[in-house]
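Visitor: Below are the chains, spelled out letter by letter.
2 protein chains.
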Amino acid sequence: MAQRIGAHTVRLERPPSVAAHAGLAGKKEREGPLGACFDKTFEDARFGKKTWEQAEQTLLQNALTLAAGKLPRTCPQPEAIFAGDLQNQCTASSFAFKESGLPFCGLYGACSTMALTLAMAALSVEAGAFRAAAAVTGSHFCTAERQFRKPLEYGGQRAPTAQWTVTGAGAAILAANGGPGNPRITHLHFGTITDLGVTDGANMGAAMAPAAARTIADLLRDTDTTPRDYDLILTGDLGFVGGALLRELLRREGFDLTETHNDCGMMIYDREKQDVHAGGSGCGCSASVLCSHIFDEMRRGRYRRILFAATGALLSATSALQGASIPGIAHAVVIESGERMTDR
Amino acid sequence: MAQRIGAHTVRLERPPSVAAHAGLAGKKEREGPLGACFDKTFEDARFGKKTWEQAEQTLLQNALTLAAGKLPRTCPQPEAIFAGDLQNQCTASSFAFKESGLPFCGLYGACSTMALTLAMAALSVEAGAFRAAAAVTGSHFCTAERQFRKPLEYGGQRAPTAQWTVTGAGAAILAANGGPGNPRITHLHFGTITDLGVTDGANMGAAMAPAAARTIADLLRDTDTTPRDYDLILTGDLGFVGGALLRELLRREGFDLTETHNDCGMMIYDREKQDVHAGGSGCGCSASVLCSHIFDEMRRGRYRRILFAATGALLSATSALQGASIPGIAHAVVIESGERMTDR
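Protein sequence lines correspond, in order, to chains A and B. Each residue of the first sequence is one higher than the last, beginning at 1 in this note's numbering. Each residue of the second sequence is one higher than the last, beginning at 1 in this note's numbering.
One chain only, chain A, in its complex shape (with noise of 0.2 Å):
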């Protein structure tokens, strides 16, 4: 049975091993530092589809397909998904999802639907109500710019606090049994909504830095864990104006994350070469870096304890139009390989 500890955070009994996972993305992120450690990559937006919307779709359904089909034969099959992404009426994963056969649970996090999926899917896992189940996300840059911004034939110019949506997905399957040396979900943060007043779309990663702060600073204070604890704390995609400020705003708390923290957002494009001013965003961004690279590289050894903290705006064109500010969010969740974290 799961535990309240400290304020906020959940710390799991028979923490649910993550079985199987995949991350996608397309060609401008192939062209990136992380390119080759994608399973699968798209050569052009649309990936033989109809409309972007189509293609959006298929990269959750690759995702999931990818990482099913990497589960060890001893680990059953997801019973269950739970998805989201940012599509008007999530629509992506409706219709990605629509032929599965399998309970559905949608979800909105805005960027932070990867950490927010695994969340669900770990407490449902734990909780007994499925043996396995799938955590998805995605998102597309053309999808994202005519929603949320603007047409792109317009060819509108940047803003260098603007971040580049980026065209990915992930799946992670979590399993009750998922057989030892599998990374697994210890600790999972729900996020609290945090806004200071922020309006500037062009520049979420200051919308959402403080509500990574305050999820994190609650976390490691919920646990009585340091940054020191963890050998890595990722966020989502705060990018590099983002991940300054949460630096900032942590240091002032008395938390030091110089030698610990970085940032999907920063670590999927080429800063230089690739023209994406502030960095990565989307819900792809964390989950296609997250289930790939990053889960990949806890399988080498290379971490043994995570602190993965995605981050969402959750704003609409609506919102925006209405001169509303930018909530922030961020879900959080302790990955560990090795032995598990003493807290309190």
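Same chains, same names: a pair is fine if it fits in one copy or spans any two.
In silico lysine-lysine, DSBU-like type, Cα no more than 35 Å apart, as pairs: (1) K273 - K49; (2) K40 - K50; (3) K27 - K40.
Keep in mind that the hints were calculated from the coordinates and are not lab data.
For this one, chain A is given, so just place chain B on it according to the hints.
Guide: Just chain B, lined up with the frame of chain A:
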């Protein structure tokens, strides 16, 4: 610990109580047959706010505040919020609870959201993650019309199969120890997406009925129960067209719902006098009806066992414009106030 029974149903071992609940609605709903049952109703469509979107946020906030105010002193206040809505990027929920200071889990199930939030909140309490958790959702006629259909000013004529989006909201607070006499969530069933190819956005009942039939038939088979084992089989918002289709689809599978079925979309308006064509719809339809009238009647002893299946149409304005069909989903929970039913 929860236990999977049959194909997809989850039996909760320590069923969380519905410790408190509140249902709110707008002016048109107050003029309907259930008008006197709501905890609070609003006179105008903006509730004194500047925009309809803000009015919808107010509905959700009020629902949770009113429910929390009814909690017995012995019951802990909610430690997390599970919420969702129909606005793009679920902004009604995010903005409503951004000052709550509580862990927030965003869910998307279209009009099935009341059952989805109840199921997720119940699972989190059963798992031990929270001592109490809130399930909240709602909808607003004006925000839904402008987002999914046509500008209100256009005054478009409605098809006979069209449903009227309810302005309303509901909140239920589930607790591990909610005291005796409270209704309890004893089973949950995450729906499987079902799409028979309906593309008519003015006939959501037809798009959702097959999903409702699937969920109800699966749950009855999984639990080895019949429709007569329930005092009420309550669907979310199939309305008159979808409700009739559901009963016909289930009759063909050998389940006779004649005596036990009702639908929140058929209950909330006076079909003859209120010009709502096929009935009510929207997340707020089943949320406001369940969290006021139905739970109240359970407490009065009229119903002891309810199968509540809320239905959702997983479309977006974009998917409709691109000619895609409308995937349906129905999430369900079994709510019992008396002796627990025998399942296999």
